Amino acid sequence: MEGEWKKPLSTPYRDSKLNLPVIGSLAYCESSALDHATTKAGDIPESAVEGKLKGVRVSVKRGYEVLASGGSVVDAVQAAVQIMEDLPGFNAGHGSVLNLDGEVEMDAIIMEGADLKTGSVGAIKNVSHPVDVARLVMENTPHVLLVGQGAKRFANDMGVPDVPMEQLVTESAKEALESARTSKLVTTTELGGVGTVGAVAVDCHGHVACATSTGGTSGKMVGRVGDTPLPGCGGYADDSVGAVSTTGHGESIMKFCLSHVIINAMRQRRTAQTATAEGCKTMTHRVGNTAGAIVVSNSGEVGISFTSKRMAWAYQLKDQVYYGIEPDQVLQESA
Numbered sequence: 017m018e019g020e021w022k023k024p025l026s027t028p029y030r031d032s033k034l035n036l037p038v039i040g041s042l043a044y045c046e047s048s049a050l051d052h053a054t055t056k057a058g059d060i061p062e063s064a065v066e067g068k069l070k071g072v073r074v075s076v077k078r079g080y081e082v083l084a085s086g087g088s089v090v091d092a093v094q095a096a097v098q099i100m101e102d103l104p105g106f107n108a109g110h111g112s113v114l115n116l117d118g119e120v121e122m123d124a125i126i127m128e129g130a131d132l133k134t135g136s137v138g139a140i141k142n143v144s145h146p147v148d149v150a151r152l153v154m155e156n157t158p159h160v161l162l163v164g165q166g167a168k169r170f171a172n173d174m175g176v177p178d179v180p181m182e183q184l185v186t187e188s189a190k191e192a193l194e195s196a197r198t199s200k201l202v203t204t205t206e207l208g209g210v211g212t213v214g215a216v217a218v219d220c221h222g223h224v225a226c227a228t229s230t231g232g233t234s235g236k237m238v239g240r241v242g243d244t245p246l247p248g249c250g251g252y253a254d255d256s257v258g259a260v261s262t263t264g265h266g267e268s269i270m271k272f273c274l275s276h277v278i279i280n281a282m283r284q285r286r287t288a289q290t291a292t293a294e295g296c297k298t299m300t301h302r303v304g305n306t307a308g309a310i311v312v313s314n315s316g317e318v319g320i321s322f323t324s325k326r327m328a329w330a331y332q333l334k335d336q337v338y339y340g341i342e343p344d345q346v347l348q349e350s351a
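For this note's numbering, count along the sequence shown from 1 and bump the result up by 16.
Where hints are given, some of them may not hold.
What the hints assert, rightly or not - DEER-style ranges, computed between Cβ atoms:
no., residue 1, residue 2, range
1, G118, E267, 42 to 50 Å
2, G164, E66, 45 to 53 Å
3, K190, A84, 19 to 27 Å
4, Q165, S85, 30 to 38 Å
5, R197, S350, 30 to 38 Å
6, G239, E62, 35 to 43 Å
7, V238, S85, 39 to 47 Å
8, G166, Q348, 38 to 46 Å
9, S88, L347, 43 to 51 Å
10, E66, R285, 32 to 40 Å
11, E342, G239, 14 to 22 Å
12, H159, M181, 21 to 29 Å
Unchecked claim - List time: in silico DSS-like cross-link candidates among lysine-lysine, alpha-carbon distance up to 27 Å:
no., residue 1, residue 2
13, K190, K70
14, K168, K133
15, K297, K271
16, K271, K77
17, K271, K133
18, K168, K190
19, K77, K133
20, K190, K141
To be clear, the hints were calculated from the coordinates, so they are not data collected in a lab.
What you are looking at is a predicted structure, and each value in this text was computed from that prediction instead of being measured.
Note that the Cβ used here is the ideal one computed from N, Cα and C, for glycine as well.
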């Protein structure tokens, strides 16, 4: 089943910079029937749905506040992702899933579209906000990606405080790991419906940025790094086109380079929505696993699509917040 965002009739078409700024957030939630072997482990109880929707709405409102107060698009996506890294119901930061050793190892990326500056971290431990360390990499090193102990050492050198592992581990993460061990499967979704989180933003000048953060997959091998910290996979931002944040089955997204595929389609004059829907659908058809993405063009068009059963998403345009979690669902509230 494919969930594809459809523009509400009451919403102005976002093809003019008069509609800027825009910020959107996503959180991957549930596998589709294509992942039949792991669907049972990833089923989301109805009681968790409202928490997902609340989290992404709080996230976009925070990011929009940053833009409205004069912050940059990088500031905005970082702030939006920080919100979700702090919420234990999301697979990022304090809600991250566990590797086979029962530890949290996290990946994150942040990218600005003005000059393609990028920073990312892989398999980093003992930090609250991997997205913060990713930004430090972007702004304080000549590198794009730091991993493992090197990323941790760099974070410490930059004054990022250590967080005890037990503060990052949730009961849901422990249950998901036990389920993965019992079934001998590495799941793409986890008990409680947690998943990768991300944000995209465009400001009144057409500058764009993206950020994505995740704890990865439950029961992953120690040291595994997924798609999230890789430019063109977990996210991409280019002022000449727009910004993308993706979520889903990491290894499949890496093979397909989903963010880059979507951006290239937009370069070829596809709308943000068409490029996003075609990219997610083609990846699922090509490699047989699910994906989702949220996209914003440099003119303020929004694209949202997913081939999973559910993906929580939200975006804010002016004083209105649009959000949903089910296929074809579009809800609206005042900011």
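Hints versus structure:
no. : hint                    : verdict
1   : G118 - E267: 42 to 50 Å : violated, 22 Å
2   : G164 - E66: 45 to 53 Å  : violated, 36 Å
3   : K190 - A84: 19 to 27 Å  : violated, 40 Å
4   : Q165 - S85: 30 to 38 Å  : holds, 37 Å
5   : R197 - S350: 30 to 38 Å : violated, 46 Å
6   : G239 - E62: 35 to 43 Å  : holds, 36 Å
7   : V238 - S85: 39 to 47 Å  : holds, 41 Å
8   : G166 - Q348: 38 to 46 Å : holds, 45 Å
9   : S88 - L347: 43 to 51 Å  : violated, 29 Å
10  : E66 - R285: 32 to 40 Å  : holds, 38 Å
11  : E342 - G239: 14 to 22 Å : violated, 36 Å
12  : H159 - M181: 21 to 29 Å : holds, 26 Å
13  : K190 - K70              : holds, 24 Å
14  : K168 - K133             : holds, 21 Å
15  : K297 - K271             : holds, 14 Å
16  : K271 - K77              : violated, 33 Å
17  : K271 - K133             : holds, 23 Å
18  : K168 - K190             : holds, 23 Å
19  : K77 - K133              : holds, 25 Å
20  : K190 - K141             : holds, 17 Å
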